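Chemist: Sequence:
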Amino acid sequence: MLALVFQELRLFISTSTAVLDYAPNRQMQKLLKRRLAQGGGTYVGVDLMDDRFIDSTVDACHLPFPDSAFDLIVQFHVLEHIPDDGAAIREMARVLKPGGLCLVQVPCRRDRLTDEDPSAPEEERIVRFGQADHIRYYGSDFDDRLRANGLDTTFMTSNDLFSDERRSRFRLNENDPLWICRKAQAAK
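Per the working numbering: the sequence shown = residues 72 to 259.
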């Protein structure tokens with residue numbers, strides 16, 4: 072879906088862009104690395120558990136990168152796995168450059184508040200959160216979690232981004248959520 076998002080939003084990744092990609096998709100990783108290699112850009116793929124396609128094994132709550140290091144951060148379906156998602160969001164905002172862009176996707180039910188319980192047994196997590204390794208299902212308050220960390224947010228769904236034909240062709244759920252976040256520019 073990420074490649075489609077880039078096309079629809081007409082996001083241009085300059086060859087000098089610094090990109091942080093959590094739990095990278097192999098095909099998108101190849102595309103971004105190839106693009107960035109043309110002009111000295113930086114691509115860093117990170118994950119805590121799965122080291123197949125990554126450049127660095129990191130804890131999302133304690134990133135080993137300097138402040139304002141990245142122009143673009145991609146975080147698709149990561150936060151619902153992290154016990155302290157607030158710390159992970161703070162770190163994401165910390166390493167994003169002022170004016171930088173962050174694309175976030177999490178499972179979300181916009182008609183209710185976030186439901187979370189890291190201590191829930193596996194069977195209960197499957198029922199409540201959709202997967203055994205999820206510890207929450209986000210709700211309408213997710214925007215507030217992002218904004219509380221200095222990120223301006225725009226919420227969109229696949230319906231907002233793609234035509235019926237494209238959603239059908241690529242088998243996208245019409246309500247797949249996407250937050251497009253920008254870090255506020257530093258005051259001058």
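What the hints contain is simulated information worked out from the structure, not anything from laboratory work.
Heads up, a few of these hints could be off.
Only pairs whose alpha carbons sit at most 20 Å apart, straight line, appear in this in silico SDA-like list of lysine to any residue [said to hold, decoys possible]:
#	residue 1	residue 2
1	168	180
2	168	142
3	104	142
4	101	137
5	168	87
6	101	118
7	168	120
8	168	158
9	168	137
10	104	75
11	168	193
12	104	140
13	104	126
14	104	128
15	101	133
16	104	132
17	168	196
18	168	101
19	104	158
20	104	172
21	104	133
22	168	183
23	168	133
24	168	75
25	168	178
Being a predicted model, the structure only gives us computed values, none of them experimental.
Chemist: Taking the earlier hints as the rules, which of them does this structure contradict?
Modeler: 1, 4, 7, 11, 15, 16, 17, 18, 19, 21, 22, 24, 25
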